[in-house]
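Enquirer: Let's have the full structure, built from the sequences with the hints guiding it.
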Amino acid sequence: MCKRFFSASAPIVKKKRGKMPELPEVETIVQGLKPKLAQQKIGQLRIYDPKIERMLVGEYLSGRRIINIRRRGKYIVFELNGDLDLIVHLRMSGGLLYQQNEPQSIRWVRAVMKLDDGFLIFQDRRRLGVMELSHSRGLDLRLGMEPLSSDFNSDYLRQKLAGSRRPIKVFLMDQTIVAGIGNIYAQEILFVAGVHPQREARSLNNDEIRKLVKATKSILAMAIKHQGTTVSDLQNADATEGNFQNFLKVYWRNNKPCLVCGTVIRKIKLQGRTTYFCEKCQK
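The opening residue of the sequence shown carries number 1 in our numbering; numbering runs sequentially from there.
Hints in this document: simulated from the structure, not taken from any laboratory.
Owing to the predicted nature of the structure, the values given are computational and were not obtained by experimental measurement.
Be careful, since some hints might not be right.
[Unchecked claim] Calculated cross-link-like contacts (lysine-lysine; reagent style DSSO-like; alpha-carbon spacing at most 30 angstroms):
no.	residue 1	residue 2
1	K160	K214
2	K214	K114
3	K114	K160
4	K36	K160
5	K51	K41
6	K283	K225
7	K256	K280
8	K280	K269
9	K160	K41
Expert: Structure (structure tokens):
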């Protein structure tokens, strides 16, 4: 396996606050919640934040059953009976915690869902997360391709890249094109693919497109296997943390040697987002 892929030799990244969960972190949360919450009935939704109250009416959810829980991009989707979806986006500091007992403290708590068996707690220190109701599958119309699906392939990416002058990193983070990739994984994917983050999207050749698709699927799948990257105060549904931060190759490694070639990792600002890359490995 190429050294640009996964190696335990990568140093541990220290936690930083305020990093938005991306596809692997959200998928990990969904996988943790699904076996616990599927088919449970909502008894009551207590709302402690006026912002949440404006987005949904708690009484409207009472008595509805959670049919399924799935991820769409960076969103957690609770499919309810009656063709409704309860959609949650955790943003910078949100979290969903499932426990048997009612929370003793409501500090940072924005909403508590009482279920047949236990409580689902929506915590959000910075109060930026979203919890809203939507008609069934309404979210799917707003988002692009799921990168782990078979439909995300070289043909799809080539078609979308054609004519785009945007930097390839910015392109990958466009949720209307590829759903779920954010700042951390865009950088890791581009490193593995050997593509410079500032390259014009339309400049990639067929071989580079193929490598980019392969790197996208490999990085995201491995990150899910390791329950995501914990570089902030994000926790999974059972209050555990991921450990893919131990395998990061470029993210948060400014002025450290590249783990492949030894060249110093550089940091730049790309459309307002901090970006790390290796000048030698990425062209």
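Enquirer: When the structure is checked against the list of hints, which entries are broken? Sort them ascending.
Expert: Hint check: 2, 3, 4, 9 fail, others pass.
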